[in-house]
Amino acid sequence: MSRDLVLEARELELEYRTREGRVRSLDSASLTVRAGEITALVGESGSGKSTLGMAAGRLLAGNAEHVGGSLEVAGVSVFACTDERLRALRRATLGFVFQNPVAALDPTMRVARQMELVGILGAEATRALEEVGLRDISRVLRAYPHELSGGMAARVGIAMALGRDPRLLIADEPTAAVDATLREQILELLVERCREHGCALLLLTHDLHAVAHHCTQIAVMYGGRVVEDGPTGEVLAAPLHPYTRALLSALPGEERPGERLESIRGVPPVLRGPSPGCAFSPRCPHVMEHCPHVRPLHAPVEESRAVCCHLFTGELGARAGVPEAAGLAGSAVSSRPADDRPKEAR
Amino acid sequence: MSAARIPRAARVRRSRLPFRGDLLSRIAVVLLVVFALVAVLGPLLPLGDPQAINVGPRLSGPSGEFLAGTDSLGRSLLPRLAQGLRTTFLLAGVAVLLTAAVSVVLGMVAAYFGGVVGELIARTADVFFAFPAILLAILVVTVSGPGIVGAVVAIALICSPMMIRVVRAAALSVVGRDFVTAARVGGARPWRILFVHVLPNVAGAAIVQGTYALSVGILLESALSFLGLGVQPPEASLGSLVHEGAVYLSIAPWLVLIPGVLLALVIMSVNLLGDGLRDRLDVRAVEVRR
Amino acid sequence: MSSAMRPPQTPANGRPLVRVSELAVTYNGSGRGGAEPVHALRGVSLEVCPGETVGLVGESGSGKTTLGRALLGLVAPSSGEVRFDGAPVSGRGAGRRLRGRLQVVLQNPDWSLNPSLRVWRSVAEPLAITRSVSRRERRRAVDAMLELVGLDPVLAERRPHELSGGQRQRVAIARAMITKPSLIVFDEAVTALDASVQTQVLNLIQDLQAERGFAAVFISHDLAAVRYVSRRIAVAYQGELVETGPVERFYGEPEHPYTRQLMSTLPTVEREPASPDASWPENAPPLSEDAHGTSRKDPRHGG
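Protein chains in written order, with the working numbering: chain A, 4 to 349; chain B, 194 to 483; chain C, 818 to 1120.
Read the hints as simulated data drawn from the structure, not as lab findings.
One should not assume that every hint holds.
As the list claims (entries may be wrong) - Sample of chain A residues at the chain C side, in silico, Cβ under 10 angstroms: (1) E47; (2) L185; (3) R186; (4) E257; (5) E262.
Just so it is clear, CB atoms sit at the ideal spot from N, CA and C, and this is done for glycine as well.
Pulled out of the complex, with its shape left as it was, chain A reads as follows (with noise of 0.2 angstroms):
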């Protein structure tokens, strides 16, 4: 399977000219995706994955400045391109499929023509919508979107993102308007044809739970940043970024009945520039005298997880002697060089 990235960020820095001000939506945010992953992109309101998943496409707002770092999607890259080599960016190489499926539809045209005007034509189009599970096919072709149901409509969506044959798929909340048992559905659905289409899915979601069945990537944002990535299965058992351990701790589902839950006090933090030192220090259990001074570098933990935080990483982690995480407890501590990495925590 070949390794090529379909997605790289480095250090991408973005913000938006409002009219309070700037507003800092992605403050040196890096991100990689390969070929045929399926990587989830987790993270509240504010955290920046809305725009970095529509950075992809360069399908941002008027006011929205790139003020740093890069981006590439398929090796082109984005900011850096002319506006022709864009449209064919987003023609071959990129589907998007949106939050609200209803309203991300034309409502003045029917299915068959919005999919004929996305290049999906006749037999095609009906192939497509077998593919992601719909019956009664002509029915749904002639439909308006408003004839449609949730459930109906994020099928539609999936199966015109789908149909251009894309090498990355961005899907910002699919699921947010559809109903629970049908989440499940559709989000299987919408990874099954990915991975048939050997297309690389990026799902972006709050749902931190919900990626758990379904993507083999997981990367945690806040603040603008990715502050931690990996493979899911590892991330979520063992978290190590005091953000994703406070996240999934103060979910309610897998508390004991009565228990309480701690939540995260604070609020999720609105960047008016680059932030001076670690965006969570606020609400983090675990800050140290230097993190809100110092920004934490994004670095790799082990051969596949890369974690923001100065518990793990970087000079000042080293320096101050922090034993890398996992399997290391109760030794003495001691000067470690560097890059001396971690063994896995389980």
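Could you slot chains B and C onto chain A? The hints should help.
Below, chains B and C without anything else, positioned relative to chain A:
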């Protein structure tokens, strides 16, 4: 590190004014302010006496002494233009206020109560809307007799249906919102809900529609006066000036052109102001921070 | 993750506050084109005791929202009845009788507050409606309530669009509590909030209830959230309540197949138990100053 090339058309420039800040809107506002000032201060300005006849040669063109020329009675056109502006604005303004008062209430009631009442109001408005404006205006004036009162009522009848529709549509979306439901659960009576919760949130749409109604009102008044059914001499409105000058079109075209162009400018400015307001007010209505 | 138990609920004293009997609600078709009537609720019965939290869980179309509206008297029953403290909630005179005793917190943080009103006016609204308290007293009550829900009273002068979603929902809760109601209906009140904020607000609801003792009906499609706050849960499916029981049952083995299906959508991520994580730095021995003179705060005492 280059700034992304964001196409000019896609950039959103935010203006600090209560209306869109682009050049056209600003010109419109300036024009309107000038017209309004002339209308208000008219009698105080050294333009001449609108009623005085024979102050100059009849039907003479614009000159140094008479900037807008003179009419068939030897009156200077300039002060009559000022008076015309004033009458036009006043008449249309009063008519629009009347329209607003009636339509806003009816629109909100139709949206909130729905059912038979709502249908009745909406359909009645539709019926009036279906009438060609001029015919309806003539009908009204025939009943009331030519003059200012008839013109005001005619304008109100013609502008109300659209305003009722707009207010009803805006109110329908407001009435379904959670804060209205919360107020109902709290035991608020319908009048409280309409005036404390619905009205402030439909005001934006009503104001925008009001400016369009103003331009319609001005146009209608001018049409009526042009037909001789509106403002009667010696009162002057821009429309009646055109009416009076129409007879002399071939020999003294300025009598028609000058008030006509002025009328067109006024209507255009009002419409542009409405556009600017609408863009601004709509944006604010949607702006919600998550 | 602490294992502190959540505050105990006021024990039910037997006499129900709300009694729903064989409630059916049918929405007629629109007439034009002969659309069929929708049976939103088909003969539903439920009781809520004073101080109790009853969770109502179901998907869209299950009738849970309709039941919530019926409890508040916003929707008239097609048959059956809803009684609050013995008297019907809809019909003549109900509004006057119930004013202030029944309140609601709704889903949409964007529209839960009137955007043209300042925060304090929104919170004071129920008091203004019931006219139970003088103007000056109202402002004081508002400030006290804002503090109770964890908001800085300085926010009282702001407008809703200047607040975050979580803050707006807290204001909505303050507004619902200001008349000291006996029952508050939470209709998808935390659904639209971020995950971490959801838990904050859920904890707040529990704390407030422990302190003020109001009964609550918590409606949501999210079983995890409903389970967390409720003492009893009713599961709605296609207009009926297919299972009702104490919350413990929903942590273990529910009876109805639909309930089990709902439970299967809950997260099942394997996580290590709440015992101390041997692999994590917090268990590292504390450090003294290192060679560069920067002292590092012991994470166990830091934060």
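* **Unmet hints by their number, sorted upward, for this structure** => Violated hints: none at all, because every hint is consistent with the structure.
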